[in-house]
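Construct the entire structure; sequences and hints are all you get.
Residues per chain are reported as follows:
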Amino acid sequence: MESKDTPNFVQAGVKAIDCDIHNEVPTLQALFPYMSDFWVDYCSTSGFRGPDANDYPRQAPLTTHPDAPSPWDMDLEHVREHLLDAWNLEYGILNCAYRVQSIHQPDLAVAVAQAVNDWQIEHWLDPEPRLRGSLVIPSEFPDLAAKEIERVGDHPGFVQVVLPVRSRTPYGNRIYNPIHEAAVRKNLAIGINYGGAPGTQPSATGWPSTFIEEYSGMTQVFQAQVISLVAEGVFDQFPDLRVVLIESGFTWLPAVMWRIDKEWRGLRHNTPWVKRPPSEYMRKHIRFTLQPIDAPPTPKQLLQIIGQLESDEMLMFSTDYPHWQFNTPNDAFPTELPGALARKILHENARAFYQL
Amino acid sequence: MPKYVVATPDEIPPGESKIVEIGGRSIGVFNIDGEYFAIRNSCPHQGGPLCSGLVTGFLESPVPGEYNYTRQGEILRCPWHSWEFDIKTGQSWWSPAQRRVRKYEVQVESGENIEASNSGPEKGPYVADTFPVTVEQQYVVIEID
Numbered sequence: 001m002e003s004k005d006t007p008n009f010v011q012a013g014v015k016a017i018d019c020d021i022h023n024e025v026p027t028l029q030a031l032f033p034y035m036s037d038f039w040v041d042y043c044s045t046s047g048f049r050g051p052d053a054n055d056y057p058r059q060a061p062l063t064t065h066p067d068a069p070s071p072w073d074m075d076l077e078h079v080r081e082h083l084l085d086a087w088n089l090e091y092g093i094l095n096c097a098y099r100v101q102s103i104h105q106p107d108l109a110v111a112v113a114q115a116v117n118d119w120q121i122e123h124w125l126d127p128e129p130r131l132r133g134s135l136v137i138p139s140e141f142p143d144l145a146a147k148e149i150e151r152v153g154d155h156p157g158f159v160q161v162v163l164p165v166r167s168r169t170p171y172g173n174r175i176y177n178p179i180h181e182a183a184v185r186k187n188l189a190i191g192i193n194y195g196g197a198p199g200t201q202p203s204a205t206g207w208p209s210t211f212i213e214e215y216s217g218m219t220q221v222f223q224a225q226v227i228s229l230v231a232e233g234v235f236d237q238f239p240d241l242r243v244v245l246i247e248s249g250f251t252w253l254p255a256v257m258w259r260i261d262k263e264w265r266g267l268r269h270n271t272p273w274v275k276r277p278p279s280e281y282m283r284k285h286i287r288f289t290l291q292p293i294d295a296p297p298t299p300k301q302l303l304q305i306i307g308q309l310e311s312d313e314m315l316m317f318s319t320d321y322p323h324w325q326f327n328t329p330n331d332a333f334p335t336e337l338p339g340a341l342a343r344k345i346l347h348e349n350a351r352a353f354y355q356l
Numbered sequence: 001m002p003k004y005v006v007a008t009p010d011e012i013p014p015g016e017s018k019i020v021e022i023g024g025r026s027i028g029v030f031n032i033d034g035e036y037f038a039i040r041n042s043c044p045h046q047g048g049p050l051c052s053g054l055v056t057g058f059l060e061s062p063v064p065g066e067y068n069y070t071r072q073g074e075i076l077r078c079p080w081h082s083w084e085f086d087i088k089t090g091q092s093w094w095s096p097a098q099r100r101v102r103k104y105e106v107q108v109e110s111g112e113n114i115e116a117s118n119s120g121p122e123k124g125p126y127v128a129d130t131f132p133v134t135v136e137q138q139y140v141v142i143e144i145d
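Chains F and E supply the protein sequences, listed in that same order.
With the first letter of the first sequence counted as 1, position 225 gets the number 225 in this note's numbering; the numbers rise by one all the way through.
With the first letter of the second sequence counted as 1, position 51 gets the number 51 in this note's numbering; the numbers rise by one all the way through.
One thing to keep in mind: the hints can contain errors.
[Stated by the list, open to error] Heads up, incomplete: computed chain F residues facing chain E, CB under 7 Å, no partners named:
{"no.": "1", "residue": "Gly-233"}
{"no.": "2", "residue": "Gln-237"}
{"no.": "3", "residue": "Phe-238"}
{"no.": "4", "residue": "Pro-239"}
{"no.": "5", "residue": "Arg-265"}
{"no.": "6", "residue": "Gly-266"}
{"no.": "7", "residue": "His-269"}
These are calculated hints, taken from the structure and not from any lab test.
Remember, predicted model here, so these are calculated numbers, not experimental data.
Built from N, CA and C at the ideal position, the CB exists for glycine as well.
Listed below in structure tokens is the structure:
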């Protein structure tokens, strides 16, 4: 992405907010400066190589944009040069996909999560004021996860807690309340990102055979999380909770809204704490990053779907860089969207939701 | 408004109901703790036989995990889609602004006070001799438009 080759919105002077840039931990050893002697020794002598969820197989085309180094080699300088400066971004939101959820020893999971967050602060957030980060937490140990949010949640660089969309049980379940509560207390959004630890289902019905099934089919898991969060009353219990779905696509949402609103009328007594039609909670509390955009064939159809959301506030621009979601910079954002809507998606929605 | 005798009180004891046809309409008459209520036996959603649905209570929850279950016997769920209606007012309980089922006035009256409309033909020109009759029985009476 040469600086002369930029999306239309850059030439139009819009300072966009990119809501999904991946900053990945290069190796477990990079975390050693942030871990206690015991855990460094443990990692060095046990053969543990760090969590490896393999959400993005190293050789899969979409894992690495042709203009980028691999996600594990991409450093701050590259992000500055190719995104922040070249595209004149106002902010970039980092999402680290280090899956500490795959570590089943709770104390090691905490030690690694703490190290990742301290590494993010030193290597990404403190040096670059245009970047905001996402806390990595051992979310399958919710009490310990809440403690980590308490520990670093006040750092001004963090705006979000990141959870993998695949979980042992849906995030609306009350066992995760300590996480929701801590996020609200520290005024952080919860970002739910594609992927997850081994052992958590990548589809609504078991383990598929191939990456294409897993990557495209994970919309099912996102849908399950959205329905769970609303039905279990998480937004009734935590009215200030904000949730961002990252790499989920969004064109499936109208169908989910129509269906659950319809069922809620007859099943209200299942979830009496849900006091308004479920779609209202979704429009208020949930946002979606743009890429990978599951766009229909024509611009007219895309506008129809955005109309079916009955909200122009739910979409937030993202590149998903360095993952390969578009070829030329102009493909990063649908140029056919009307100006006012484009400005909301590129800038205003993220600024409001992340309170930037 | 015309009045229709639909039952004697012992036909609809507390907690029970009776579906009647009057004035071309199907109406459910419910006895809730000795008080009678009548609502149209047609769900405003898709016309389901509302009054043959499950009679239940009103469930509210201030927060997940807390259940306030009150007004047992006062909420009706349509057998077709389980939409909830308040038997006393006809009010629906998922989107109150939009849906309300027709409600009718019901009273228990002594036979001597009733000028019932469901007695068939209109009055003719002749009047036969009459004798005073004492009526001790009470009746459940509905008024409809």
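Original post:
Honestly, which of those hints from before does the structure not fit?
Top reply: 3, 4
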